[in-house]
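Novice: Go ahead and model the full structure; you've got the sequences and the hints to work with.
Residue numbers (our numbering), protein chains in the order written: chain Y, 1 to 310; chain P, 1001 to 1404.
Please note that a few of the clues may not be correct.
What follows is a list of derived Cβ distance ranges for each label pair [claimed, not checked]: (1) Y:63 with P:1305: 55 to 61 Å; (2) Y:296 with P:1270: 25 to 31 Å; (3) Y:103 with P:1259: 55 to 61 Å; (4) P:1236 with Y:143: 40 to 46 Å; (5) P:1276 with Y:91: 37 to 43 Å; (6) Y:296 with P:1122: 54 to 60 Å; (7) Y:68 with P:1148: 37 to 43 Å; (8) Y:296 with P:1318: 53 to 59 Å; (9) Y:142 with P:1365: 30 to 36 Å; (10) Y:142 with P:1213: 27 to 33 Å; (11) Y:297 with P:1147: 33 to 39 Å; (12) Y:296 with P:1328: 49 to 55 Å.
In case anyone wonders, no lab produced these hints; they're calculated from the structure.
Glycine included, every Cβ here is placed at the ideal spot set by N, Cα and C.
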Amino acid sequence: MSDRDDDIINERSDEKPDAEEAGTGRRGFLAGMAGLVGASMLASCTWQEFFQQQFTRMTNKEIQETVDRLKAEYRAKYGMDFVVGTEAPIDATLYAYALDIQRCIGCRRCVYGCVQENNLSRDPQIQYIRVLKFRDGNMDLEQSTIYYDPEEVPEKGYYYMPVQCQHCANAPCTKVCPVRATWTEPDGIVVVDYNWCIGCRYCMAACPYMGRWFNYTDPKVPTDQLNPVTHYLGNRPRMRNVVEKCTFCIQRVRVGKYPMCVEVCPVGARKFGNLLDPDSEINRIIQTKRVFRLKEELNTQPKFYYFFAT
Amino acid sequence: MEKSGFIFQAGRRLAVGPPVYYGWVGLLLVLAAIGVTAYTQQLRVGLIATGMTNYVSWGFYIGNFTFLVGVAAAAVLLIIPAYLYDFGPIKDIVIVGEALAVSAILMCMMFVTADLGRPDRIWHLIPGLGILNIPRSLLGWDIVVLNGYLLLNLLIPGYILWNSYNDKPVNMKFILPFILLSIPWAVSIHTVTAFIYNGLAARPFWNASILAPRFLASAFCSGPALVILLYQIVRKYTKFHVTDAALFKIAEMIAAAMAINLFLLGAEFFKELYSDTHHLAPLVYLYAGLHGKAMLVPWIWTAFAFNVAAFVIFIIPATRKSFVTLNLGCVLIIVGIWIEKGIGLIVPGFIPAPLGEVWEYVPTGVELLVTMGIWSIGLLVLTLILKIIIPIETGEMTRTSGVM
Chain Y
1 MSDRDDDIIN ERSDEKPDAE EAGTGRRGFL AGMAGLVGAS MLASCTWQEF
51 FQQQFTRMTN KEIQETVDRL KAEYRAKYGM DFVVGTEAPI DATLYAYALD
101 IQRCIGCRRC VYGCVQENNL SRDPQIQYIR VLKFRDGNMD LEQSTIYYDP
151 EEVPEKGYYY MPVQCQHCAN APCTKVCPVR ATWTEPDGIV VVDYNWCIGC
201 RYCMAACPYM GRWFNYTDPK VPTDQLNPVT HYLGNRPRMR NVVEKCTFCI
251 QRVRVGKYPM CVEVCPVGAR KFGNLLDPDS EINRIIQTKR VFRLKEELNT
301 QPKFYYFFAT
Chain P
1001 MEKSGFIFQA GRRLAVGPPV YYGWVGLLLV LAAIGVTAYT QQLRVGLIAT
1051 GMTNYVSWGF YIGNFTFLVG VAAAAVLLII PAYLYDFGPI KDIVIVGEAL
1101 AVSAILMCMM FVTADLGRPD RIWHLIPGLG ILNIPRSLLG WDIVVLNGYL
1151 LLNLLIPGYI LWNSYNDKPV NMKFILPFIL LSIPWAVSIH TVTAFIYNGL
1201 AARPFWNASI LAPRFLASAF CSGPALVILL YQIVRKYTKF HVTDAALFKI
1251 AEMIAAAMAI NLFLLGAEFF KELYSDTHHL APLVYLYAGL HGKAMLVPWI
1301 WTAFAFNVAA FVIFIIPATR KSFVTLNLGC VLIIVGIWIE KGIGLIVPGF
1351 IPAPLGEVWE YVPTGVELLV TMGIWSIGLL VLTLILKIII PIETGEMTRT
1401 SGVM
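Specialist: Below, the structure written as structure tokens:
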């Protein structure tokens, strides 16, 4: 950053050598300010990154510049080429999810598939999906556990309920954000602009599903396990001290694929589709099966349904 | 020329003082420097330097912030009896209350900034340049009311004292509307701060409509208790005169506020215990421990004991009017409310977590040092403000006094 600055300053003084003396004080001040801001960020951060606007307020040109900058940054950091997609929502699409609670065996392949696909930090560990284990006949969250490690799942006498971001239609998390760094996209996906989040964590306090995670330090992903196919609002490598969350694998669903957790589920308990398509599988499930939503009494209106297939 | 006269005099006032002044300022500077060092450590490694986690995502910083908003609000609410009922003895001391409010608000802002993951992006909050998400976000509202309150509390004493310095009469027609505005505004800062937590259905511990009234009641205890202590220090070291009657009057107000505070606490206890729903869990965690985790239990019972003891001291005229017990009561209240409206309010909101897990929170050394640093900077600001405004208030420092 300071190199760039020096270049700009040298350029100016070449043009107007006689103004040199008068400008020194101000230049010194500017350089000092630059140093101060730089020191306070303590991370590689360009002016362009610093003054970058919120995603929905950027022009197409600005988005392209940002994507190019990010690609260069990732190339330098990880030594590989990344795709940073900015695919827009598909018209007439509103995504919803359904999970067959009867079929889930608690194997957590969805958890690890998600970690791998979305470049989630391995240390400290971040996992967008928590699989709750309940004793049969009980649905008290306080008596459930996410810590189980048997030889084999499913365990007799227990059932499992994976919980992740519920992509609420009436989302409490987006409402509270003081800078609108998180919002619901037209296709129903709740996203975060990692470069706009100020890290106040109000959204985490507001979420009734523990759907949001904070990188308390630089996320660590082994380079050989990175997924280079990303989306700007999705699984691109994140920075520290900002919030992140499940995006229904925005990088996959906006190009017509299923979310990774749907794809890896070995028992087909996870269903995903378009609510606005009357013939979609998700609509058929909602209309013909017994479904419920988690914490319905909070009126968050999740687009994430639990159902019983039989 | 004229302005430099004021600056010269003010500078001299700040530079000259008794040894105890130098010692105090020196101590605060050292503690502030330690706090700043700890903060740079936090900037270097990230918020992992704190004890906060994905389970308890707010902690000591936000607790201190909440307590200090109450102090800032209550320091000014002393204006109500002073102006509306024209109670002379308190009227004299309003200006110092406003100085306390200004320092408290500055500390609030520092605590929130310390809690931010990305302080380098704070400009995102500036409307136009960035996005301030009002009216939807209560945090957005809080930024508006806190900044407005800071401006009001700079304007009012600033105007009165500037006139006093220039030996000019105060134009009450100009300043009275601002004074009257500052009363509801003081209520608003603590109400909006309560609403930050209150509005979250995900956190049943905060999602009770009694929260904002409780905030105000407890603020009416801690703020004035600080004012009582502050005034005794001020009148000991300066020519500023505060009557005992004014201090006792404030103590009487505290007794009433503490009665309301304890009553509201009782109402909350009844509702949660009698209905005995899942929403009881955070209260059980706080006062008795949950699943064998009971870190906050000794703290909250200390707060409870301190608040009740102070209430007894302040309700009995004999102990209220003896400075030994009065000061003891003030200290008990400040510590009691600091626990109750700080860590005792913020942390149980997150325990148990919305999916039932119980993860406790302990502040780290970095958090404690940063907190100490912010308090030191706040007290330093307060000391320096008082060093200038009290001589103006007493008439020792005027435009003409500068001509020597």
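Novice: Hint by hint, say whether it matches the structure.
Specialist: Okay, the hints, checked on the actual structure:
| no. | hint | in the structure |
| --- | --- | --- |
| 1 | Y:63 with P:1305: 55 to 61 Å | holds (59 Å) |
| 2 | Y:296 with P:1270: 25 to 31 Å | holds (28 Å) |
| 3 | Y:103 with P:1259: 55 to 61 Å | holds (58 Å) |
| 4 | P:1236 with Y:143: 40 to 46 Å | violated (59 Å) |
| 5 | P:1276 with Y:91: 37 to 43 Å | violated (51 Å) |
| 6 | Y:296 with P:1122: 54 to 60 Å | violated (38 Å) |
| 7 | Y:68 with P:1148: 37 to 43 Å | holds (42 Å) |
| 8 | Y:296 with P:1318: 53 to 59 Å | holds (58 Å) |
| 9 | Y:142 with P:1365: 30 to 36 Å | holds (32 Å) |
| 10 | Y:142 with P:1213: 27 to 33 Å | holds (29 Å) |
| 11 | Y:297 with P:1147: 33 to 39 Å | holds (37 Å) |
| 12 | Y:296 with P:1328: 49 to 55 Å | holds (52 Å) |
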